[in-house]
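Letter by letter, the chains look like this.
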Amino acid sequence: MISLNRFAGSVSALLKGLGVTLNYIVHPKRVVTREYPENRETLTFPERFRGQVVMPHDENNDHNCTACTLCEKACPNGSISILTTKNIASKRVLGQFVYRLSSCTLCNLCIEACPFDAIRMGHGFEMAGYTREELDLILNKKEGR
Amino acid sequence: MIKADSKLLSTLPPGFALHDTGEDGSQEYFLNMGPQHPSTHGVLKLVVKLDGEKVVEVVPHLGFIHRAIEKMGENESFVQYIHLTDRMDYLSSHINNLCVCMAIEKAMGIGVPERGEYIRVMVSELQRIQSHLLWWGSFGMDLGAVSTFLYGFKEREKITALFEELCGARLTMNFFRPGGSNSDVPETFLPRVKEIIQDLKFALDEFDALLTKNPIIIERTRGVGILPKERAISYGCSGPVARASGVDLDVRKHSPYSVYDRFEFDVPLGKNGDCYDRYWVRMEEMRQSIRILEQASAHFPPDPYRSKEKPNYKVPAGSYFASVETARGLFCTYMVSENAMKPYRIKSRSPNFSNLSAINEMSAGGKIADLVTILSTLDIIVPDIDR
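Residue numbers (the working numbering), protein chains in the order written: chain X, 15 to 159; chain A, 7 to 393.
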C-alpha cells in the first residue's frame with residue numbers, strides 16, 4: 015500500500031518536471047532550434063571553422079603554392095598528392111594539387127605545415143557525392159605558374 | 007501443452023546446453039541485443055541469456071568497429087597520431103589529445119607556459135561537462151523520457167559552438183600540441199565561458215526538476231545494477247562508474263597533471279554503487295567542473311600560450327607514460343620510441359573496456375529492462391572499447 019505522503023511527493027515532483035517543459039511554451043524565445051536546409055543562406059561560420067581544404071587564388075588566378083610538398087608529408091592519411099611540372103625556365107613548379115576529400119579527416123595539419131599560406135580550411139561542409147571520383151579534387155586552377 | 011524437447015531443439019554444443027527451468031517445460035533462451043539496438047549507443051552486441059524476463063548472463067561481443075588505431079599510430083609521426091585519438095572516445099577528444107601530448111612532453115622535456123596549462127584545464131573541463139550533458143540526455147531517452155535528450159543537447163550545443171570557434175571542429179578537435187595548443191584562444195573565449203557557466207548553473211537546476219527528483223527515474227535506478235566496491239576495483243573500473251561504488255580514484259586529484267593541483271574541487275563518491283549513484287556522481291561532477299572553470303577563468307594568465315613549436319618530434323629511445331582523467335575514467339598512453347620520428351609501439355588504456363566488463367556482474371539476476379538502464383549509466387563509447 016502506497017503511503018499518501020509518498021504519493022503526494024511523487025505527484026508534486028512530476029508536476030515540477032512538467033513545469034519546466036511548460037515554461038518553454040510560455041517563453042518561446044528560449045527555444046533554440048534552427049531549421050538547417052531552410053537557413054542555408056544565412057548560415058554563419060566561425061573564422062577557424064574546419065571545412066574542406068581550399069587553395070585561395072588571386073584575380074590573375076595565381077596561388078602561393080611552391081610545390082614544396084610539406085603538406086603532403088604532414089598529411090596523416092595521404093590525402094594530398096603534389097604533382098610537379100617544369101615551367102619555361104625549367105624551374106620545378108606545381109602541376110596539380112590533388113586533394114582526396116574522401117580520405118581527408120580535416121585535421122588541419124597540412125595548413126599548419128604550409129609556410130606560404132597557400133592552402134587554408136574552407137567553409138564547405140556538405141561533402142556528399144555519388145561516386146568516389148567526385149571527391150578527388152584538383153585545387154589549383156591552372157598548371158605551372 | 008506441448009513439452010519442448012530440449013535435446014531436439016538445441017543446436018548448441020554439449021557444454022552450452024540450456025536447461026529447463028520451469029515445470030511447464032519453459033527453457034532458458036538467448037537474445038541478441040545489438041549491434042543495431044538503439045540503446046547500445048553504437049555497434050555493440052550483447053548476447054543475453056534469459057529466463058523469461060530475468061537476465062541470467064550477459065556476454066558483450068566486441069570488435070564491430072575495430073580500426074587498429076594503435077597499429078596505425080606506428081606508421082604515423084607523433085604529431086600525426088594525436089588526431090587519431092580523437093576517434094577513440096569522441097566525446098573526450100580534447101582530453102585524449104592531451105594525454106598523447108603529455109607523453110611526448112615527458113619524452114622531450116618540453117614545458118608548457120602558464121596560459122597553455124590554463125587553456126588545457128579549462129578546455130578539458132568544458133569537454134567533461136559536454137560529455138556528461140550528452141550522457142544525461144541519452145540516459146533520459148533510454149528510460150523513455152524523450153524530451154531530456156533535447157534539453158541535454160540544447161545545453162551541450164553552447165559548448166560545442168564554443169569549441170567550433172576555438173579550434174574549428176565540434177567533435178574531432180585535434181587542438182592540443184606538445185608544448186601547448188594549436189592556436190591561442192580567441193578573444194571571445196573568456197566571456198563565452200563565463201556565460202556558459204551562468205547558463206549551466208540554471209540548466210542543472212532544471213535538470214534536477216526534470217529527472218533527478220522524478221519518482222519514476224528514482225524507482226528505476228535505485229538499487230538497480232549494484233556494483234560492490236571490491237568488484238569495481240577487481241574489474242579495473244574507473245571514472246564515475248568506480249566512484250559511484252565508493253572507489254576514491256581521480257587522477258586529477260591524486261596524481262595531478264597540468265595545473266589541477268591549483269584548483270579546489272571535490273571528488274563526489276557514491277555509497278551503494280547502483281544506477282542512481284552513477285547518475286548522481288555525474289551530475290555532481292558537472293558542478294565540480296563548473297567550480298574549476300570559475301576559478302580558472304578568474305585568473306586567466308597572459309601570453310605566451312605555447313612553448314617553441316616544432317613540426318616534428320624525434321623522441322629519444324625509451325618508454326613513456328601519461329595518464330589523464332577523461333569524462334569516462336582513466337585514460338593512459340604508453341609509448342615506446344626507438345629514437346625515431348615514429349613510435350615503435352603505442353598502447354592506449356581506455357576506460358570503457360574495463361567499465362563494460364563489469365556488466366555481467368551488475369545485470370545478472372535483474373530484469374531485461376534494467377539492462378538498458380545499466381548500460382546507459384555505464385556511459386560507454388563503443389569506438390573507445392574497440393579502438
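Simulated from the structure, these hints should not be mistaken for lab results. Do not rely on the hints blindly, as some may be mistaken.
As the list claims (entries may be wrong) - Covered by chain X, per the in silico footprint, the following chain A stretches (three or more residues, Cβ under 8 Å):
#1 165-172
#2 214-226
Stated by the list, open to error - Here are the simulated distance ranges between beta carbons:
#3 A:G150 <-> X:R20: 17 to 27 Å
#4 A:A346 <-> X:S117: 42 to 52 Å
#5 A:P317 <-> X:A103: 44 to 54 Å
#6 A:K207 <-> X:R62: 22 to 32 Å
#7 A:V273 <-> X:K30: 43 to 53 Å
By construction, the Cβ of each residue, glycine as well, lies at the ideal position given by its N, Cα and C atoms.
Taking the hints in turn, this is what the structure says about them:
1. 165-172: Three-residue rule met by the stretch 165-172 of chain A, so holds; n is 3.
2. 214-226: holds (count 7)
3. A:G150 <-> X:R20: 17 to 27 Å: Once the Cβ atoms are compared, 21 Å apart, the range 17 to 27 Å for R20 (chain X) and G150 (chain A) holds.
4. A:A346 <-> X:S117: 42 to 52 Å: Given a distance of about 25 Å, which is not inside 42 to 52 Å, the answer is violated.
5. A:P317 <-> X:A103: 44 to 54 Å: For P317 (chain A) and A103 (chain X) the Cβ distance comes to about 30 Å; the hint is violated.
6. A:K207 <-> X:R62: 22 to 32 Å: holds, 28 Å
7. A:V273 <-> X:K30: 43 to 53 Å: violated, 29 Å
Hints 4, 5, 7 from the list above are not met by this structure, while the remaining hints are.
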